[in-house]
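Trainee: Each residue of the sequence shown is one higher than the one before, starting from 1 at the first, in the numbering used here.
Keep in mind the hints are simulated off the structure, nothing from the lab. Be aware that one or more of the hints could be misleading.
[To be verified] Derived DSS-like pairs (lysine-lysine); straight-line CA-CA distance at most 25 Å:
(1) Lys72 with Lys25
(2) Lys390 with Lys324
(3) Lys65 with Lys30
(4) Lys412 with Lys272
(5) Lys276 with Lys409
(6) Lys324 with Lys200
(7) Lys409 with Lys390
Just so it is clear, the structure is predicted and the values come from calculations on it, not from any experiment.
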Amino acid sequence: MLQDNQLDSWKSFRYEMMQDGAFMKERLAKHPDRQIAVKEMKECLAKYLADNMSTDDFRSIFQKKTAAEWAKFGLAGFSGAMFLNMLVNNIPSQDDITRQLRAVLPVPTDAHDGLRRLRRFTDYLYQLLENGVVVKRRLQPERAPFFISAWWHVQNLQEWPIYYTSSRRSLSAEAGYVPQNERPADDYFAFRDIFLELTKVLGLTTWEMEHLCVWYEERKIDHIQGESSLGMAAKSALESVPDDELAEDNLSDHKPTAHVEAQFNLARVGQKLGCKIWIASNDRSKVWNGKRLGDFTIDALPSYLGIDPQVQRTVELIDVLWLKGANQVIAAFEVEHSTSIYSGLLRMSDLVALSPNISFPLYIVTSNGRMKDVRKQLARPTFQLLELHKRCGFFSYEDLADQAESIMKWVKDPREIDRMAEYVSDISND
Numbered sequence: 001m002l003q004d005n006q007l008d009s010w011k012s013f014r015y016e017m018m019q020d021g022a023f024m025k026e027r028l029a030k031h032p033d034r035q036i037a038v039k040e041m042k043e044c045l046a047k048y049l050a051d052n053m054s055t056d057d058f059r060s061i062f063q064k065k066t067a068a069e070w071a072k073f074g075l076a077g078f079s080g081a082m083f084l085n086m087l088v089n090n091i092p093s094q095d096d097i098t099r100q101l102r103a104v105l106p107v108p109t110d111a112h113d114g115l116r117r118l119r120r121f122t123d124y125l126y127q128l129l130e131n132g133v134v135v136k137r138r139l140q141p142e143r144a145p146f147f148i149s150a151w152w153h154v155q156n157l158q159e160w161p162i163y164y165t166s167s168r169r170s171l172s173a174e175a176g177y178v179p180q181n182e183r184p185a186d187d188y189f190a191f192r193d194i195f196l197e198l199t200k201v202l203g204l205t206t207w208e209m210e211h212l213c214v215w216y217e218e219r220k221i222d223h224i225q226g227e228s229s230l231g232m233a234a235k236s237a238l239e240s241v242p243d244d245e246l247a248e249d250n251l252s253d254h255k256p257t258a259h260v261e262a263q264f265n266l267a268r269v270g271q272k273l274g275c276k277i278w279i280a281s282n283d284r285s286k287v288w289n290g291k292r293l294g295d296f297t298i299d300a301l302p303s304y305l306g307i308d309p310q311v312q313r314t315v316e317l318i319d320v321l322w323l324k325g326a327n328q329v330i331a332a333f334e335v336e337h338s339t340s341i342y343s344g345l346l347r348m349s350d351l352v353a354l355s356p357n358i359s360f361p362l363y364i365v366t367s368n369g370r371m372k373d374v375r376k377q378l379a380r381p382t383f384q385l386l387e388l389h390k391r392c393g394f395f396s397y398e399d400l401a402d403q404a405e406s407i408m409k410w411v412k413d414p415r416e417i418d419r420m421a422e423y424v425s426d427i428s429n430d
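Using the sequences provided together with the hints, build the complete structure.
Mentor: Below, the structure is given as structure tokens:
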């Protein structure tokens with residue numbers, strides 16, 4: 001069951017996506033081709049399950065079609081057509097793999113049936129590895145849920161979402177999905193429960209929910225929002241899930257972004273002003289101007305910051321912190337480059353709600369073009385009741401970049417950074 005704040009975030013994402021005309025036009029344009037592909041895939045599968053097509057022919061058709069007529073589903077990658085190729089080409093007994101595929105590919109009658117059959121299929125693959133029949137690099141059972149879920153999906157569109165990378169990452173970031181990577185089948189069904197709950201609450205079809213996850217990811221390249229709220233267990237679990245390299249939702253990773261530049265400028269300015277710097281652990285490997293963000297950061301926060309341990313864990317996930325003395329946080333910065341402003345402010349409001357007596361200022365750093373969104377969100381009654389608008393200032397990373405050299409040359413007190421910040425007034429005073 002999702003929490004209210006998580007549902008609020010997803011409702012905000014849905015609204016923002018629906019306002020993104022170019023994105024919606026591009027995504028909806030895929031639907032006619034997908035509908036044709038669904039019909040053809042069902043016909044192909046029916047022939048295979050009825051023993052009117054060999055496994056090798058099934059593989060050959062799938063490989064050819066996913067690169068052409070069925071391409072809008074993004075099934076040509078390592079977890080799709082190439083996965084089936086590995087099965088057929090590397091498992092010695094074609095009778096065995098045929099029996100296994102024909103047992104697992106029909107759409108399940110319910111979740112219990114599906115979990116039982118997907119477990120049985122992945123266990124079969126793991127047993128082949130354990131017995132040395134196939135080597136690991138030629139058979140990767142953790143890719144099976146993507147391949148199987150695609151076939152289940154075309155047989156029942158609204159009950160069986162495809163296990164896309166973007167959907168996994170988005171739900172891990174914003175809906176509490178944490179793959180355990182011990183039994184791939186169980187991970188898929190945990191994902192499915194959350195995915196279907198969101199489609200119901202948001203009033204979306206599975207394709208629309210899938211598009212929402214893609215929309216979320218495309219605006220978060222190189223800075224997955226939930227990494228600041230995930231926790232290391234979820235993050236490491238996500239990183240071990242194989243990407244579908246040719247899938248339509250694949251992203252270009254490790255590209256320098258404005259988010260990294262903003263963190264870089266905050267770090268160097270803070271350091272020049274005599275502060276110790278804390279960079280969220282998930283961002284430390286990122287590089288700007290040839291310098292790793294991790295080169296700025298202290299290894300660990302002081303064990304005692306004068307705040308509750310739960311609050312301290314929340315503080316550790318903030319993008320950039322400035323510290324002075326032994327244990328004093330001077331300022332906390334959340335950079336919102338392509339993520340939802342609303343979600344960034346929710347993280348700040350969670351911090352305020354957990355520790356209303358925190359004394360250090362909070363800042364949202366975003367683009368000039370999104371400043372109006374921050375103003376709009378801070379005027380929301382939810383945030384006004386917490387007086388977040390009085391605690392949380394905001395400024396643009398363009399202004400930060402323009403003024404960084406001047407600040408480092410002339411400013412002595414790190415608290416002077418507040419001069420850059422804008423605040424929203426009380427609603428009653430507007």
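Trainee: Indicate, hint by hint, whether the structure satisfies it.
Mentor: Cross-check of the supplied hints:
1. Lys72 with Lys25: Holds, at roughly 15 Å.
2. Lys390 with Lys324: Between Lys390 and Lys324 the Cα gap is close to 23 Å, so the pair holds against 25 Å.
3. Lys65 with Lys30: Holds. Lys65 to Lys30 sits at ~16 Å (cutoff 25 Å).
4. Lys412 with Lys272: holds (9 Å)
5. Lys276 with Lys409: holds (18 Å)
6. Lys324 with Lys200: violated (48 Å)
7. Lys409 with Lys390: With a Cα-Cα distance of about 29 Å, the restraint between Lys409 and Lys390 is violated, given a limit of 25 Å.
Of the numbered hints given earlier, the model fails hints 6 and 7; all others are met.
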